[in-house]
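Listed here are the chains, written in short residue letters.
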Amino acid sequence: MTTTSAITEPETTRTAPTSSVTSTILSFLSHQYLVVVVAVAFIVVGLIKPSFFGAGNIQNILFETAFVGIAACGMVLLITAGLLDLSVAGVIAVSAIAVGTVLPYTNIGMAILLAVVIGAILGLVNGLLVTYVKIAPFIATLGTLYLFLGASFIWTGGKVVTVTSSNFRALTTDSIGFLPYPFLTLIVLAVLTYSLLYRTSFGRTLRAMGSNQRAAELAGMRVNQSKVVVFMVAGACFALAGVFMAGRLSSAEANMATGIEMGVIAAVVVGGTSLRGGRGTVFGTVIGAMLFAVLSKSLNMLGVSSYWQYIVTGAVLVIAVAVGARRRSAAEVRGAG
Amino acid sequence: MLDTSKAQLDAVASIEHEREESARRGARAARRQSLLQKLGIIVPFALVLLAGIVLVPSFLSASNITNMLVNGAILAITAYGMTMVIALRGIDLSVGSSQAVAACVVAVSVNAWGLVPGILSGIAAAIVLGLLNGVIVTKFRVPAFIATLATLGIYRGVALLFTDGAPVMITDTAFRSIATSSLFGIPVPFILSVLVGAGFWFVLEKMRFGKHLVAVGGSPESATDSGINVKRIQLIAYIAAGATAGLAGVLLASQLGSVNGSLSTGLELQAIAVVVLGGTSMAGGRGNIVGTFLASLLLAMINAGLNLLNVPSFYQYIALGVLLVFALSVDSAQRAAVRRVFEGRVA
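Same order as they appear, the protein sequences are chains W and A.
Heads up, the first sequence is in my numbering, so the first residue is 1 and it goes up one at a time.
Heads up, the second sequence is in my numbering, so the first residue is 1 and it goes up one at a time.
Check the hints yourself; a few may be wrong.
[Unchecked claim] Okay, the calculated bits of chain W under chain A, using three or more residues with CB under 8 Å as the criterion:
1) 125-134
2) 161-171
[To be verified] So these bits of chain W aren't anywhere near chain A, every CB distance computed over 10 Å:
3) Thr144
4) Arg214
5) Met262
Note that these hints are calculated values from the structure, not bench results.
Yeah, the Cβ is synthetic: ideal placement off N, Cα and C, and Gly gets one too.
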C-alpha cells in the first residue's frame, strides 16, 4: 500500500503520516480513484457476462495491458519532459518487421536486441528533428509516423511477415501462473521507468525541463542532450512493445499497430500525468493502460461493434484532459506548438 | 537647470534613435521573412513543375492536368480551414475523419433526399463536428492537438458506424457529375477552390476578424489584454476548419462516386504539410492563403507524377514526410532569421 502510493505521489508520503488504517484507505481511494474505476468496471462486466472472469479473457486483458503499457512507459517519460511522440505505430511496425525478418538467420536474443536498437535509432531521428531542427514534437513525430510506416510498407512490399520460430512465440506469449511474460516485463519496465524518473539525475533533468525548460537550461542542465536521449529511450520501449506484439500475432506488418498512439497517450494522461509536463506517474500509467484493456475487452464481450472503441477511447481521453485542465485552471499547456 | 533640460533632450533623442533603429530592424525582419516565405513555396513549385514536364511522360496531357487541378482543389479547400486554425496557433488533426463523416453523410442523404438537401446535410454534419472541436478546445480548455487527436478517433468511429464499415454507392448522376464537369474548360472544383480561397483571403487580410485572428495567433495573452474575444475567434476558426473539410468531402464523394468510413485517413498530415509549406507559421501569427493554394497544387503534382511513373503508393508517404520536414525546417529557419535580426548574431 505505501509502496504503491509512493510510486505515484512521492510528496504525499512525507506529509501524510499513516495515523489510522481508515484514513490511509480513504486517501488511497481519493488518489487512486482510477484503480477503483478499473475494479468496478471489471466486476460489473463480469457479473453481466460470467465468461468475462474466464482465465483466457483475463490473460487477454493482461496481454493488451502489456502492449499499451510497455509503450506508455516510454511515453510517460516524454510527456513528463514536456514532449510527445505520435510515431509509436511506425516504430512498432518497423521493429516488429525487423524481428520477423532476421529471426530465421539469428538467435532470439540478437533479434530482440536488434529491434530495440532500431527503435532507439528511430527515436534518435525524432529527437534530432525536435531538438536541433526545432520542429514542435507533435508535428515532427506525426511526419515521422508516416515516414516509418512508409518505410515498413516498402520493406515488406505491403505483405505480412510471418514469425515461424516457435521458441520466439513461446518466449513472448507463455506465462508464469496466469501472468503472461509481456505483463511481467511491463512490471519490471515500470519499476525501471519509475527509478529512472525519480531516482536519477537524468530523470530530474526531464522533470525540470518539463516544468520549465528555460530554467532548466539556466541551471546548467543538459537539456538538448536529455531530449535526444529520452526520445531514444522511448523509441526502445515502443520497439519492445512491437517485439511482443509480433510474438502474439505470430506475424508483423506495416498496419499492425495503426492508431495505437492515441491509446498510449490516453493511458498516460488518464493515469494522472499532466500534459503540461513536469511530473509523471508510472503506476497511474500502468493502471490507465489496464483501464483501456478492460474497456475494450468489455465492449467485445458485450457484443458492441468494435468501431465504438474508437469513440470510447477518444471520449475518455478528452474527458481526462478536460478534468485535469479544470483542476489546474488557467494553465498554459506545453508542447502544443 | 539648463543641464537637466539638455539631459532630457538627449534622452528623448536617444529614445527616438532607438525607435528608428527598431523600426528599421522590424522592416528588415519582415522583408527577410517574406522573402524566405515566398522562396519556400515558389522554388519547390517551379522545380517540381519543371521536373514533371521533363521527366514524366504525358504530364501535360489534358486528363492529367484536369486530374491534378481537381485533386489539388479538394486538398486546397480542406487546407484553407487548417490555415486559419494554424494561424491561430491551434491545430486540427481531425480533418480527415470529419471529411469521412461528411462524405458518408452526403452519400447516404443524396441517395435518400436528393441533390441539394444531401449536400447541405453533409456540410452541416462537418460544421457540427468542427463546432464540437471548438467547444472542447475553448470551453473545456483541452490543448488543441490532444483534443483533435481524440476527435480524430471519435469521428472515424462515427463514420465507420454510420456506414457499418461497408462502402456506399452514390446513384445520383447529377451529384456525381459535379466534380467531373467543367466551366469554360476549367474543372468546377478548381473554380470552387479559387472562389473559397478568395473568400478566406479576404477574411484574413481585409477584415477585422482576420486581423484579430492573426493577433490571437501571435500572442493569445496580448490579444486578450487588448480586448479581443479570443474564445469566439477560436470557436469560429474550428467551425471553419470543419466546414471546409466537409465541403471538400462533398467534392471527394462526387469525384469517387462511392465512399466508405475509412476515407481520407492521414489527410491531416497532407493538410498541415501544405499549410506550412505555403508559409503559414506553426508558431502562429501569420496566415498565407495563396501559399496554401499553391502548395496544394504542388502536392497534387507530386502525387500525379509519382503515379504516372508507376511508383508504388508507399513512396508517396515518404515524399509527403520529406516535404513536411522540409516545410517545417524552412519555417523554423525563417523564425531563426527574424530572431537574428532582432537579437544580433551573438546568440
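Going down the list of hints, with the structure as the test:
{"no.": "1", "hint": "125-134", "verdict": "holds (count 3)"}
{"no.": "2", "hint": "161-171", "verdict": "violated (count 0)"}
{"no.": "3", "hint": "Thr144", "verdict": "7 Å, violated"}
{"no.": "4", "hint": "Arg214", "verdict": "13 Å, holds"}
{"no.": "5", "hint": "Met262", "verdict": "5 Å, violated"}
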